[in-house]
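So the sequences go chain by chain: A and B. For reference, each letter of the first sequence is one residue, going 1 to 297 in the UniProt record's numbering. For reference, each letter of the second sequence is one residue, going 1 to 297 in the UniProt record's numbering.
Simulated from the structure, these hints should not be mistaken for laboratory data. Incorrect hints may appear among the rest.
Simulated restraints, written as ranges between beta carbons of each label pair [stated by the list, open to error]:
(1) A:Gly249 <-> B:Gly259: 48 to 56 Å
(2) A:Asp41 <-> B:Asp87: 46 to 54 Å
(3) A:Glu287 <-> B:Leu68: 25 to 33 Å
(4) B:Gly152 <-> A:Glu287: 54 to 62 Å
(5) A:Ile210 <-> B:Asp89: 51 to 59 Å
Since this is a predicted model, take the numbers as computed values, not measurements. C-beta atoms are modelled at their ideal positions from N, C-alpha and C, and glycine is treated no differently.
Each chain is listed here by its residues.
Protein chains: 2
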Amino acid sequence: MTRSLGGAELATSIRNDASVAAAALSEIGVRPKLAVVQATDDESTAWYVRSIASAAKRTGILCDIVDLGAAASTEQIRSTLVELGHDPDVHGIILQTPLPDGTDLDALREAINPAKDVDGANPVSLGRLVARQPAFAPATAQAVIALLDHHGISPHGRTAAVVGRSTVVGSPVAHLLVQRNATVTVCHRHTTDLAAGTRDADILVVAVGIPGLITADHVADGAVVIDVGTTATADGQLLGDVDAVAVDGRAGALTPVPGGVGPVTTALLLNHTVDAAGTQYAQTRSESVLAGFRSSV
Amino acid sequence: MTRSLGGAELATSIRNDASVAAAALSEIGVRPKLAVVQATDDESTAWYVRSIASAAKRTGILCDIVDLGAAASTEQIRSTLVELGHDPDVHGIILQTPLPDGTDLDALREAINPAKDVDGANPVSLGRLVARQPAFAPATAQAVIALLDHHGISPHGRTAAVVGRSTVVGSPVAHLLVQRNATVTVCHRHTTDLAAGTRDADILVVAVGIPGLITADHVADGAVVIDVGTTATADGQLLGDVDAVAVDGRAGALTPVPGGVGPVTTALLLNHTVDAAGTQYAQTRSESVLAGFRSSV
Numbered sequence: 001m002t003r004s005l006g007g008a009e010l011a012t013s014i015r016n017d018a019s020v021a022a023a024a025l026s027e028i029g030v031r032p033k034l035a036v037v038q039a040t041d042d043e044s045t046a047w048y049v050r051s052i053a054s055a056a057k058r059t060g061i062l063c064d065i066v067d068l069g070a071a072a073s074t075e076q077i078r079s080t081l082v083e084l085g086h087d088p089d090v091h092g093i094i095l096q097t098p099l100p101d102g103t104d105l106d107a108l109r110e111a112i113n114p115a116k117d118v119d120g121a122n123p124v125s126l127g128r129l130v131a132r133q134p135a136f137a138p139a140t141a142q143a144v145i146a147l148l149d150h151h152g153i154s155p156h157g158r159t160a161a162v163v164g165r166s167t168v169v170g171s172p173v174a175h176l177l178v179q180r181n182a183t184v185t186v187c188h189r190h191t192t193d194l195a196a197g198t199r200d201a202d203i204l205v206v207a208v209g210i211p212g213l214i215t216a217d218h219v220a221d222g223a224v225v226i227d228v229g230t231t232a233t234a235d236g237q238l239l240g241d242v243d244a245v246a247v248d249g250r251a252g253a254l255t256p257v258p259g260g261v262g263p264v265t266t267a268l269l270l271n272h273t274v275d276a277a278g279t280q281y282a283q284t285r286s287e288s289v290l291a292g293f294r295s296s297v
Numbered sequence: 001m002t003r004s005l006g007g008a009e010l011a012t013s014i015r016n017d018a019s020v021a022a023a024a025l026s027e028i029g030v031r032p033k034l035a036v037v038q039a040t041d042d043e044s045t046a047w048y049v050r051s052i053a054s055a056a057k058r059t060g061i062l063c064d065i066v067d068l069g070a071a072a073s074t075e076q077i078r079s080t081l082v083e084l085g086h087d088p089d090v091h092g093i094i095l096q097t098p099l100p101d102g103t104d105l106d107a108l109r110e111a112i113n114p115a116k117d118v119d120g121a122n123p124v125s126l127g128r129l130v131a132r133q134p135a136f137a138p139a140t141a142q143a144v145i146a147l148l149d150h151h152g153i154s155p156h157g158r159t160a161a162v163v164g165r166s167t168v169v170g171s172p173v174a175h176l177l178v179q180r181n182a183t184v185t186v187c188h189r190h191t192t193d194l195a196a197g198t199r200d201a202d203i204l205v206v207a208v209g210i211p212g213l214i215t216a217d218h219v220a221d222g223a224v225v226i227d228v229g230t231t232a233t234a235d236g237q238l239l240g241d242v243d244a245v246a247v248d249g250r251a252g253a254l255t256p257v258p259g260g261v262g263p264v265t266t267a268l269l270l271n272h273t274v275d276a277a278g279t280q281y282a283q284t285r286s287e288s289v290l291a292g293f294r295s296s297v
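One chain only, chain A, in its complex shape (with noise of 0.2 Å):
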């Protein structure tokens, strides 16, 4: 029997944790607050920041949805994160993709203010992370450490295969990963023999959204399996990269898609606002304090 590695119980106590975080916050007049900035008529982004809004309401956390329309330019999603980067009110700041054909999204994520990058999609967050520097890690990155810890799976000494070196989720997961002392192999596109790659592995983890790409033939005997696929089917479903059925009965252990990964990643998105709000008051207190030095000698 394959055990099922949910995520919704480990979301629930990172809720209830930022919630009370929240609460302390705006007892002191800190109300955290999150601005989503998106730009695409996509139906299912739309749904997806609608479903960010209303759990960071239900945490404590205000949250503003910037939406600049399917025909916004690179230039103006631009000034609006640097604008958000410079509001005292905003916390934190998520770009949610896909953007409009044509946004450089990579000078994009550069405009990202790195206190505010709850979703670590600055480069400099990025960089931050692999020096081993205090950053926020991509959401989605750290779902996948956070459900390994919440389900005791240790990832020290062990293998690890990560199929996908995405810049938001493959390489930030195969950097935690060797920093949690595994020994990691990164597959991708062009890894010439996938199964090769995968079959030795004690933890599989699969972000590509090419569903069922994952089968018994590229999972070991008892291999933990991290599903962070999400391929949206027009019927409403949401797939997985791995064919559960397939790979059930030799995995030792699965995360169902949907959840698994995914409500753990919004839970931290939430939970990196509230220490975003915490480290921006406590940085302006200790500046206010220094000034009243200042002025004072």
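Position chain B against the provided structure of chain A, taking the given hints into account.
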């Protein structure tokens, strides 16, 4: 017979290109200048820094060795880095390790102006590298790729193993190999079975600093082995991480130590400095043209 992948020819070619570019810049009044900040009385470090300075001079690049002494504080080093970052006559900055015990290397790396970060030490450079944005890669990591290219070895679709996960070599070299479409396994001190991680790799890169760590058991028949290790012995020898005698005949190709990755690294540092000088000049020019335009309207 194992083929020797020497770096001397490539290093000469890179230095020649840098030299031509430096001469062209000098003609328009820009004299490329590298500053190396050191704070140690370690003799082998001092020797290495002097070798960079003399190579720079031969290439037409000015080189200042800023020696802060083995008792320098984090704050002293930081303020030096910040000053150099603002100095319009300095185009490249290297922060040489080791630093005095107790100094905060991580904080200091972030004090290097990214535009002058010719050894890719600032996490910002690392993040831009991972996000495939323009940035200077750590010279040693780039030297590994340059050596493969020079000897006509393509990582595309091949398997590669990287032993070592440091911020300066292992992590960036793994990224560069993934970006070149290799399937990459990262091994390190917590890897339970090192030979299992390396013995199937088409390309093996070793960067740990343990002489003779890699023996025939770790190497696939015909594999390309890049030895980044350089451990200095008491009698002035330089030892690699690979037992060259043991892998001879088994490896298809092996970089010598010394004379493999090392000279290419130094040449790339000079090349980056000339690049940085050109970019900074172009930027100053376009700013002054813009200022002239603004004042004329």
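Hint-by-hint comparison with the structure:
Under the hint 48 to 56 Å, the C-beta atoms of Gly249 of chain A and Gly259 of chain B, about 54 Å apart, fit the expected range. Between Asp41 of chain A and Asp87 of chain B the beta carbons are some 50 Å apart, a value that agrees with the proposed interval 46 to 54 Å. Separated by about 30 Å at the C-beta atoms, Glu287 of chain A and Leu68 of chain B satisfy the suggested range of 25 to 33 Å. Between Gly152 of chain B and Glu287 of chain A, the C-beta spacing of about 57 Å keeps the proposed range 54 to 62 Å intact.
At roughly 53 Å, the beta-carbon separation of Ile210 of chain A and Asp89 of chain B lies within the given 51 to 59 Å, and the hint holds.
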